[in-house]
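There are 2 protein chains.
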Amino acid sequence: MAQIRHALNTKRADDFAAWYQEVISAAEMAEESGVRGCMVIRPWGYGIWERMQRLLDDRIKATGHDNAYFPIFIPLSNFEREAEHVEGFAKEMAVVTHHRLIAGKDGGLIPDPEAKLEEPLVVRPTSETIIGDAMARWVQSWRDLPLKLNQWANVVRWEMRTRMFLRTSEFLWQEGHTAHADEAEAKEHTLRMLEVYRAFADEDLALAVVAGEKPENERFPGAVETWSIEAMMQDGKALQAGTSHYLGTNFSQASGIKFQNREGSESLCHTTSWGVSTRMVGGVIMTHGDDDGLCLPPKIAPQQVVILPMLRDKPEDEALIDYCEALRATLASQHVLGEPLRVLLDTRPGKAAAKRWDYVRKGAPVIIEVGGRDMDNGVVSLLRRDRLWDADSGKPAFQTPTREVAGQTVPDILADMQASLLTAAGERRDENLTRGVADFAQVEQHFAASKYPGWVEVQWSKPTGEALEKVVERLKEHKLTIRNVPMDAAPVDGSCIFTGEPAVERVLLAKAY
Amino acid sequence: MAQIRHALNTKRADDFAAWYQEVISAAEMAEESGVRGCMVIRPWGYGIWERMQRLLDDRIKATGHDNAYFPIFIPLSNFEREAEHVEGFAKEMAVVTHHRLIAGKDGGLIPDPEAKLEEPLVVRPTSETIIGDAMARWVQSWRDLPLKLNQWANVVRWEMRTRMFLRTSEFLWQEGHTAHADEAEAKEHTLRMLEVYRAFADEDLALAVVAGEKPENERFPGAVETWSIEAMMQDGKALQAGTSHYLGTNFSQASGIKFQNREGSESLCHTTSWGVSTRMVGGVIMTHGDDDGLCLPPKIAPQQVVILPMLRDKPEDEALIDYCEALRATLASQHVLGEPLRVLLDTRPGKAAAKRWDYVRKGAPVIIEVGGRDMDNGVVSLLRRDRLWDADSGKPAFQTPTREVAGQTVPDILADMQASLLTAAGERRDENLTRGVADFAQVEQHFAASKYPGWVEVQWSKPTGEALEKVVERLKEHKLTIRNVPMDAAPVDGSCIFTGEPAVERVLLAKAY
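In order, the protein sequence lines correspond to chains B and A. Everything in the first sequence is counted per this note's numbering, starting at 1 for the first residue and increasing by one. Everything in the second sequence is counted per this note's numbering, starting at 1001 for the first residue and increasing by one.
Keep in mind that a hint or two might mislead.
[Said to hold, decoys possible] Have a look at the derived ranges for each label pair, beta carbon to beta carbon: (1) ARG143(B) - ARG1081(A): 54 to 64 Å; (2) SER1495(A) - ALA332(B): 50 to 60 Å; (3) THR464(B) - SER1333(A): 50 to 60 Å; (4) VAL405(B) - GLU1028(A): 48 to 58 Å; (5) LEU1344(A) - PRO502(B): 51 to 61 Å; (6) ARG143(B) - GLY1394(A): 30 to 40 Å; (7) GLU84(B) - ASP1390(A): 51 to 61 Å; (8) ILE1110(A) - ARG192(B): 38 to 48 Å.
The hints are simulated quantities; they were obtained by calculation from the structure and are not laboratory data. All values reported here derive from a predicted model rather than from experimental measurement. Idealized CB from N, CA, C, for every residue including glycine.
Start from the sequences and build out the full structure, keeping to the hints where you can.
This is the structure in structure tokens:
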């Protein structure tokens, strides 16, 4: 086997965190903005987010939700209403106190002391309270229910330590909010949206997530139940990729979301909320990326195919571009994975080989290079991003189909790559998920033994309150957290590794982002 | 002619401002949020904005722009760099001064004095300066140019008097920002984007706008040239519906957007910016709305066709729903105006007649009611929103095609309605545009003479500086402003109505939103 010269400087095995940063920078996905904790999402990164938005938005609308838009500012008093919610959120938030600037003594600008707000406004960290106010106005009778809303928006949580896409002070997300007539329907809806997230994560992003309920200590502030999908990154850590909350009547009580039921008396609504954010982009990087950069599932690639003619600034270029344009047109006229195929013919100045590596780092699923000799032979040189290298030669694994064959088979290659990335993610997750651990000492041993130890599934007695706190503290010593209680876990057959009591369910333990 | 009982309480002719508010409320488009100057955009209103976004985004991408996302917060110091820009913006803005809340003495929450920001952050009123910083990092050589970016975002300008959609403290928009190698290319691009806006406004929104350059006093802060599209509302006022700015090297100087040109020396970029916002929704209301509510051009209607079975909570309902469902499926399988037809079969509880008026007020282009008798006769009852009334009978002008004919002809009706609304808007604009005014006294007379006086086109000598200020002051006395210098105006043939000097161009005078 020949030595391969990878397209990045850092390898995943050497320094996963540095590798992650290098992918983001090399793929031109995002960068620090100079504004504390806020990133600039560059066109390639934003193009991925736009693709995610489109696919998830279709799923959210297909389940009967309408999009709406609510104010970015939330009056301070809203946060004083729902006690647990305050406790969870009323800490690190951006607070607007003035509405005007004037020149200060040194000539610079300062907030105008004359323009101080009577009540400070908080830049929304989430919109439960303000959407709750609107729901209270809109819901009067059982006929108005269920009320199913979604919002695409930016939110701000003042994070002390930030990491691009994974944890930023400002991030983009969707937040769904629904109101229902009773507990059963609201709980059912909480799980329906969890399933929407699971399907989106697996079928569109190829993440191979595990869906399950969060333990009490990991619940959203104010929620009765919190469910999540968890994805395993290539360093074995877990990424919470989406959450769905059953909020009981906590928020409807605080906001007064009431309705006249069929019997004519007044009831409180049962509400849900659920969200997925730009951190999902980080999950895609750490699930599919490799030592050559990003690798994108075709469904979310801004461009699925990039065609690079090897231009030489000579008159022959014209014929070469025509040759490539015919392939582009053939591909663009086709559908793949339910949508028109996205193909770019890149004729900007620059060497094709240099551009090839740019698109490899950006994770474009299929890269097609065409030189004069290819044209003369009626072929093209085709690279599939997830099978980049020929292990024997150590060189890029170019296929050289005829242009006609390429025009016919590229959609199949893309569909195969989408499926194959999910299979790979699922296999990796299963290989790195350790079961059958008998006691906590084995857990400690497991996580101490390797750099990327994956997840461990254990059985527990589902302690609550102080007993749970003790478990959480003990896990914390090893930087471990309980991810969730997988919905499809095997039945329990032993005792709790923490308390020794009879186990009631299985939980996943992992280090997490 | 019989008396018509319109679906709104307020008539345009009686109180245009009150009518506007009633449309927004009756069509469930938006409402006050309780947060100062910020509105809640309800699903129907947001659905219209989503349609606009999709159509305009396609046009922006088709002209070679990529979307990206920049931080919502802008450091104060950014505003101190470009002098004119500061002067124009550094006034009424939301200023973030703290990043944490704590409990105050009275138990309520207060900004934590320990968590005061060293440098206050401004919630973006527009993103020239922060995008300029990014451009300075991204542009190194002539090969990086042109750089063509667009952002969809929320922005905040602390407005004292707000009106839903037209002027709100927070609003949604797109802002395009481009950098070019020279003045000619940047100016050409400024006009290209103006043309994109004109085409969007006319072809998608049916507004019949006038494109032209703004006079010096109406320029965007820091711009060298500002161009606009102006739409005439039904009260004769003008609405600035979109602007495109050539910024010269003002912002590239301030942010350091430089490049190495082909000769190897360093040059400043020439930049442009351009934006369209949710105020466009207000423009649609005031252009197409009538005394029955909103009337939507089919291209931007969230639902183009609404089918209302007259359900009676009886077993026969099932057959009726099947009958309607077949029509829905026939329509949904077709394309109209370049996209899949959007049709809703509404089977929620409630009387069909009450729902009909709800959808009339919401401006759904085609409403189809189906009762048991219609089904027995194989027909449907069809209303076209822009031809709602039968003037003779004073009743809704139902057509009763067979279901098969409806399935075939509805796409044509929608396409015809799209065209017909543009024709109507263009005719109304031309009828209310007065030309051939000889002096300012005639202008005064014209605007004093009627309630909805429309626009007046006059010739002027294009005064600048103090001379222009005098003109602006004089117009202000009559609440008039100069809208723009129409690109397709006739050649001048007389003298300036303000200065008496030889005229050099024609300008539009109007009251404006």
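task: Check each numbered hint from earlier against the structure, then list the numbers of those it violates in ascending order.
output: none
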